[in-house]
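Position 50 of the sequence shown, counting from 1, maps to 50 under this note's numbering, and the rest follow consecutively.
The hints are simulated quantities; they were obtained by calculation from the structure and are not laboratory data. Don't take each hint at face value.
The calculated label-pair distances, taken between Cβ atoms and stated as ranges, are [as the list claims (entries may be wrong)]: (1) Ala29 x Ala65: 36 to 42 Å; (2) Ala64 x Ser30: 28 to 34 Å; (3) Ser28 x Ile59: 44 to 50 Å; (4) Val60 x Gly25: 39 to 45 Å; (5) Ala27 x Val60: 35 to 41 Å; (6) Ser30 x Gln50: 26 to 32 Å; (7) Ala58 x Gly25: 49 to 55 Å; (8) His54 x Pro26: 40 to 46 Å; (9) Ala27 x Ala64: 52 to 58 Å; (10) Ala66 x Leu34: 35 to 41 Å; (11) Gly25 x Ile59: 33 to 39 Å; (12) Gln62 x Asp39: 48 to 54 Å.
Glycine included, C-beta positions come from ideal geometry on N, C-alpha and C.
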Amino acid sequence: MASIEAPDNLRFHNSRSYLARMSWGPASASIHTLLALCDQIKTSLADATQTQHHLADAIVEQAAAA
Numbered sequence: 001m002a003s004i005e006a007p008d009n010l011r012f013h014n015s016r017s018y019l020a021r022m023s024w025g026p027a028s029a030s031i032h033t034l035l036a037l038c039d040q041i042k043t044s045l046a047d048a049t050q051t052q053h054h055l056a057d058a059i060v061e062q063a064a065a066a
């Protein structure tokens with residue numbers, strides 16, 4: 001079976017630049033606000049994951065030292 005791929009400008013990793021090139025009219029500000037919020041959530045999740053790993057490492061070190 002043949003593989004079907006989306007054009008480069010529609011692939012997920014390029015979707016943000018594709019959306020930015022589109023004319024959204026009055027909704028543009030809301031869309032940009034939503035995208036900024038998504039970026040903030042993504043950063044917060046990455047920070048929380050890093051903190052979780054640090055805490056797990058500290059717990060393991062404490063358990064190993066006991």
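The hints, checked one at a time:
1. Ala29 x Ala65: 36 to 42 Å: Distance hint for Ala29, Ala65 is violated at roughly 54 Å.
2. Ala64 x Ser30: 28 to 34 Å: violated (51 Å)
3. Ser28 x Ile59: 44 to 50 Å: holds (47 Å)
4. Val60 x Gly25: 39 to 45 Å: Since the Cβ atoms of Val60 and Gly25 sit about 54 Å apart, the hinted range of 39 to 45 Å is violated.
5. Ala27 x Val60: 35 to 41 Å: Violated, at about 49 Å.
6. Ser30 x Gln50: 26 to 32 Å: holds (31 Å)
7. Ala58 x Gly25: 49 to 55 Å: Check passed, 51 Å falls within 49 to 55 Å.
8. His54 x Pro26: 40 to 46 Å: holds (44 Å)
9. Ala27 x Ala64: 52 to 58 Å: About 55 Å separates the Cβ atoms of Ala27 and Ala64, which means 52 to 58 Å holds.
10. Ala66 x Leu34: 35 to 41 Å: Given range 35 to 41 Å: violated, Cβ gap about 48 Å.
11. Gly25 x Ile59: 33 to 39 Å: At 52 Å between Cβs, range violated.
12. Gln62 x Asp39: 48 to 54 Å: violated (35 Å)
Checked against the numbered hints given earlier, this structure breaks hints 1, 2, 4, 5, 10, 11 and 12; the rest are met.
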